[in-house]
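Quick note, the sequences are listed as chains A and B, same order.
Going by the working numbering, the residue at position 249 of the first sequence is 253; the numbering climbs one at a time, nothing skipped.
Going by the working numbering, the residue at position 84 of the second sequence is 88; the numbering climbs one at a time, nothing skipped.
Note that these hints are calculated values from the structure, not bench results.
You may find that some hints are simply not true.
Which copy is meant is left open, because identical chains are indistinguishable; a pair holds if it fits in one copy or across any two.
[What the hints assert, rightly or not] In silico DSS-like links for lysine-lysine, alpha-carbon gap of 25 Å or less:
{"#": "1", "residue 1": "Lys72", "residue 2": "Lys22"}
{"#": "2", "residue 1": "Lys71", "residue 2": "Lys89"}
{"#": "3", "residue 1": "Lys90", "residue 2": "Lys120"}
{"#": "4", "residue 1": "Lys22", "residue 2": "Lys244"}
{"#": "5", "residue 1": "Lys89", "residue 2": "Lys183"}
{"#": "6", "residue 1": "Lys120", "residue 2": "Lys75"}
2 protein chains.
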Amino acid sequence: MAVHLDPIGVLHTCFKEKFGIPRQPNLAVEAPGRLDFFPEFARPEAVRGLEQFSHIWLIFIFHKAVKKGGKWSAMVRPPRLGGNKKVGVFASRSPFRPNPIGMSCIRLEAIESTPKGPVLHLTGVDILDQTPVLDIKPYLPYSDRLDTARDGFAPAPDNKTCQVSFSDTAATQIQEREKAIPNLFSIITQVLENDPRPAYSNARFSSIKEETRTDGLNKDRVYGIRLFDFDLKWQAAGNKIRVLCLDPV
Amino acid sequence: MAVHLDPIGVLHTCFKEKFGIPRQPNLAVEAPGRLDFFPEFARPEAVRGLEQFSHIWLIFIFHKAVKKGGKWSAMVRPPRLGGNKKVGVFASRSPFRPNPIGMSCIRLEAIESTPKGPVLHLTGVDILDQTPVLDIKPYLPYSDRLDTARDGFAPAPDNKTCQVSFSDTAATQIQEREKAIPNLFSIITQVLENDPRPAYSNARFSSIKEETRTDGLNKDRVYGIRLFDFDLKWQAAGNKIRVLCLDPV
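Just chain A, same shape as in the assembly (with noise of 0.2 Å):
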């Protein structure tokens, strides 16, 4: 028994990769996305109200999260459990699971009138680029908040674990950047202060050797993060990291 969707638009946001994803919607609270319709779904009286909400469900499909031959896995290894614990597909957040479907809570911060139909602009968000989108939903916090709900494996996360420091070089290529892309510099602040290395990874709070370089920092590895139309180039050694320059794609 197959069930037939399509989508009723398509998402673009600062997220080009999986890499640098914040793993809960409004951790990066000033990363950007705009939801388009579809010419079909592309109606102002579609979301007549929604403007009224401050945040929104969106429900979409994992388009990058598809296994090979469509098998999905009964158990994953959720990186909030350090990637080395597995749980059930169903019991996790996982986006490799037997319907790609994700939700999340986004902020609704403007609702634009376009010849080509309304366009939603979002922040907070944190999701891949050029996402299918499948339906949005009020957020009720009458229904949606639950103020009993148990945590289970997955507290609060401790946000913001990292101090950031931008080079010189970096410093001027944000500056630069920040008419076209407004709150450049808190945007990848907010990406890198989450820490996006994987926390199974030996890279994280643990065997890097302060002394490889004088500042600290490790000089073999340098982590790179598609974002907007660049590459984000950082160091990082135990809680501190550096960003080293924008690199052209």
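Following the hints, position chain B against chain A.
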């Protein structure tokens, strides 16, 4: 661009028809449900760890809300607005939407191991019997409980607005069934005290002639709700509801 999804299981609930289903989860806190997995997905490993969460999201198909010819309406009339004001379908939780996807956070009471695989026992259900389920996700307070979200036009409802009483016949019938259906008395009370009558109906808090019977009930209008394996018959006057009997279907 169509997306093809396979339901992972089917939900069995006490709600056999749309009328009477609570308008949000956890209103009728004892309303029971069970999720049976389809054979391909009935694997104990897939739910391992899920028992650590008190609540789960069910993502499901509104299988009885598909419009003829697959047409969708850009605007709907939410019952919360009295049924006489239209809003955009994406500003509502209406089951009639371009992709008939529903989501509810439901209390997880227990995971039972059976020879046919795991079965999830649920309460606080607001979902129609036989609903196909697409996905299960843990409710994560740190990401799903937004303390700052704005309510829009759907503030918390006035719950439990009706006083429910029972005829001797009904009381006896319920007592006889409580062995088979635990908490039946509470479940019926919870369903009715939330007032299942449509807000736009003249019946609600308005033009009922309270003098039509000596007990103040409207003698002509008898409501029926299919619940479990019986038809619940009741009458209403203002905010008083009286259960008459449990008829066989």
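I want to check one pair: Lys71 and Lys89. Are their C-alpha atoms no more than 25 Å apart within a copy, between two copies, both, or neither?
Answer is within; shortest intra-copy Cα gap is 21 Å, inter-copy 45 Å.
Tell me, please, which holds for Lys120 and Lys75 at an alpha-carbon limit of 25 Å: within, between, both or neither?
between (38 Å within a copy, 21 Å between copies)
For Lys90 and Lys120, with the copy left unspecified, which applies at a CA distance of at most 25 Å: within, between, both, or neither?
Between copies only: 23 Å across chains, 46 Å inside a chain, cut-off 25 Å.
Within, between, both or neither, where Lys72 and Lys22 count as close if Cα-Cα is 25 Å or less:
Only inside one copy: Lys72 and Lys22 sit 17 Å apart there, 40 Å across copies, limit 25 Å.
Is it within a copy, between copies, both, or neither that the alpha carbon of Lys22 lies no farther than 25 Å from that of Lys244?
Within one copy, since 22 Å is at most 25 Å while 56 Å is not.
Pop the pair Lys89 and Lys183 into one bin, within, between, both or neither, using alpha-carbon distances up to 25 Å.
For Lys89 and Lys183, neither the intra-copy (44 Å) nor the inter-copy (42 Å) Cα distance is at most 25 Å.
Violated hints amount to a single one, hint 5; each of the other numbered hints is respected by the structure.
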